[in-house]
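2 protein chains.
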Amino acid sequence: MATTRYDVLGVGNAIVDVIARADDAFLVKHGMAKGTMALIDEPRAQAIYEAMGPAVESSGGSAANTIVGASSLGARTAFVGKVKDDQLGRAFTHDIRASGVAFDTKPAASGPSTARCYIIVTPDGERTMNTYLGAAQDLYPADIQDDAIAAAAITYLEGYLWDPPQAKEAFLKAAGIAHKNGRKVALTLSDAFCVDRYRDEFLKLIRDKTVDIVFANERELHSLYQTADFDSALSAIKGDASLAVVTRSEKGCVVVAGDKAEAIPAAPIDKVVDATGAGDLFAAGFLVGHSRGMSLRDAARLGAMAAAEVIQHVGARPEVSLKELAAKNGLKI
Amino acid sequence: MATTRYDVLGVGNAIVDVIARADDAFLVKHGMAKGTMALIDEPRAQAIYEAMGPAVESSGGSAANTIVGASSLGARTAFVGKVKDDQLGRAFTHDIRASGVAFDTKPAASGPSTARCYIIVTPDGERTMNTYLGAAQDLYPADIQDDAIAAAAITYLEGYLWDPPQAKEAFLKAAGIAHKNGRKVALTLSDAFCVDRYRDEFLKLIRDKTVDIVFANERELHSLYQTADFDSALSAIKGDASLAVVTRSEKGCVVVAGDKAEAIPAAPIDKVVDATGAGDLFAAGFLVGHSRGMSLRDAARLGAMAAAEVIQHVGARPEVSLKELAAKNGLKI
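Sequence lines, in order, name chains A and C.
Mapped onto the numbering used here, the consecutive letters of the first sequence carry residue numbers 195 to 527.
Mapped onto the numbering used here, the consecutive letters of the second sequence carry residue numbers 195 to 527.
Hints may contain errors.
Lysine-lysine pairs mimicking BS3-like chemistry, simulated, CA-CA at most 30 Å apart [stated by the list, open to error]:
no., chain 1, residue 1, chain 2, residue 2
1, A, K378, A, K465
2, A, K228, C, K517
3, C, K517, A, K465
4, A, K522, C, K300
5, A, K465, A, K522
6, C, K517, A, K517
For the record, the hints were derived by calculation from the structure and aren't laboratory data.
Go ahead and model the full structure; you've got the sequences and the hints to work with.
Right, dumping it as C-alpha cells:
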C-alpha cells in the first residue's frame, strides 16, 4: 500500500457559523427544535437573522470542525467542501488553511452565497442550528480528487452530505476510492433529524460496509433504530457496524467493536459555554488516536478531551493547541 | 430646548473586526507596533490576513462599540457610519440594529468593501489593530442628518474620523448642528498615532470648544502634549478642556473638570482576555452616566464597570446586559 499524505481527509458542507445567544422562549417563538439542526431556505434565513441578537461569525461545518481539530492534534489533514468566492467563503478558506488543513476545492464563482448556519446558544450552553446550504449545494463528484482520497488513511464523511443533491454522489465516490486504495471510511450520523431523513440509506451504508467507522450520539442512534431504548439500539449497531462510537454528552461514550462494548467517561469540565462542535471534536480526537494506533479507550479519551475544550468557549473550533493539551493530559499521540 | 430622541449619537468608522491570537514575535515579524492602530491599504490587508491564524469576525468600530455599550446600559442611541452593501456590511448593520441602536446611514452600493480591522490579540490580552478603511472612506457630510443630531443629548465623535478624507467635514458638521441646538459634543482621541497625525487640529477642537467632553488614554494624552510626564499633560488638558476623562488601564482614570482632577479606580477583574474595546466601553458608561445626571465619579465607575466586562472576553461589544450588570454593582442609572 502506498504511503499516506493525510491521516484524515474530511468531506462536508463548508459553512460559516453565525452565533448569537437567546433563551428557550426564542426557540419556541421561532419554531426551532432545541439541540437539532434544521435546513432553511433563504427567506427563512433572513427572517431568523433579523430576529437574532448581535452575532459573531466563525468558520464551522461539522466535518470541517473535525478536520481542524485533527490538525490541532498534529495530524496531517485535508478538507473537501464548497464555498462561494464571496467574503464569507474567503473567511472559511482562510480559517481552515490557517489551521494547517489542505483545502483546494474550487470555490463557486456564481450561484448562491456561502453556506451559513444560524446558531442559537441558550443559557444552558446547548446549541440549536439553522442551516442555509447555499453554495454547499454545489459540491459535485468532480470535486472529489482521486489522488487526495487515495493518499488519506481515513476519509471522514458527514451524514449532512445527504442533504445537498449531488453531494451524496460525491460521498459515495470518495468512499469507493478510499476502499479501492485499502483506506478506511468513517461516517458521522450528524443529527437525529438527518438520520430520520435518510435512515434506510444510512443503515445500508453501515450494513454493506461502505463505512468502516460510525460516529453517532445517543439521539442519532435512537433515531437510526427507531427505539427509545439505549441498550437495544446499542446491540443493533453492534450487529451492523465494524466499529461504532456512541457519544452520550456528560455520560461519556461507548465504543462498540465486534462483540465488545466499552464505556469511557467524559472529560471533566467547569461549565458548558457553547456545545457547538462537541461531537465534531470528539470525532477529531478519536480518529487521530485510532489512526495513530492508540487503543480504542485512549482514542476515546483523546476525543473526550478535544470535545471538552471546544464546549468551554464560543465557537466550534479549538482555541488552543490540542496537541499540547493532550500532552498536558498525559495522552501521548 | 426641544426634547431629545437619543441620549447618545455616535459618528465613526463602521468596521468589522477580524480577530486572531498570536504572540509578540508575530507583531515584530510583521512590523506592528503593539497596542496601537495602524492604517493599512488593501495589499497589506491581504498580506496580514494571510499571515494570521484562524479568526473570528465580530462587529467593531470604536464609536460603534461605544454606542452599542450605551444601548446595553439602557440609553437611547443612534449611530452614523458607512458600510458597503456586502456580506460584512450587512453583518455590521444587523449587529448594531440588533443591539437596539438606530442605524440609518445609507450603505455604499459600489466602491471598496466594508472596512475591516485585523486585530492581533497577544497572550497578555493586549490588542494590536490594523485597519483597512474601505467603504468607511465614503462617509460624507451629506450622511449627517440635522434632525438626528439635533435630537441627541450628546453627539460622540471618534478621532479616527480624521483619517477618511471627507469624514472630517462630517465631524465638523455634526458638531456644529449639535451646538446650534444646545447639545453637547464629545470626542475620543482614539489612538496615540492618530493624535500624532492630527495633533494641531485636535488641540484646536478642544481649545475652541468645538468639543465639550474629551476622552483620552494616557498614551494619547502624552502624544497630544508631546510629553512623557503625566502630571504636565494632565495640567495642560485641565487648562484646555471643559471636561476631560483620562483612562489609565488598570490604574483607573482621572476626571478633569474645571480646576479639579479626581482619580477613580478601575473595576477589579480576573484576567484580561482581549483588551479590544476597553476605552470604547469606558466612554459608553461615562457618557450614559453623565447624560443621566450621575456624579462624575459615578459616571466614571459606570465606565470602569463596562470596560471591565468587555476585556474579559473576546470581542469589543458587551456579552451581557450592562444595565443588569450595573444594577448588580449597585450603580443606579
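### Numbered hints the structure breaks, given as an ascending list
1, 4, 6
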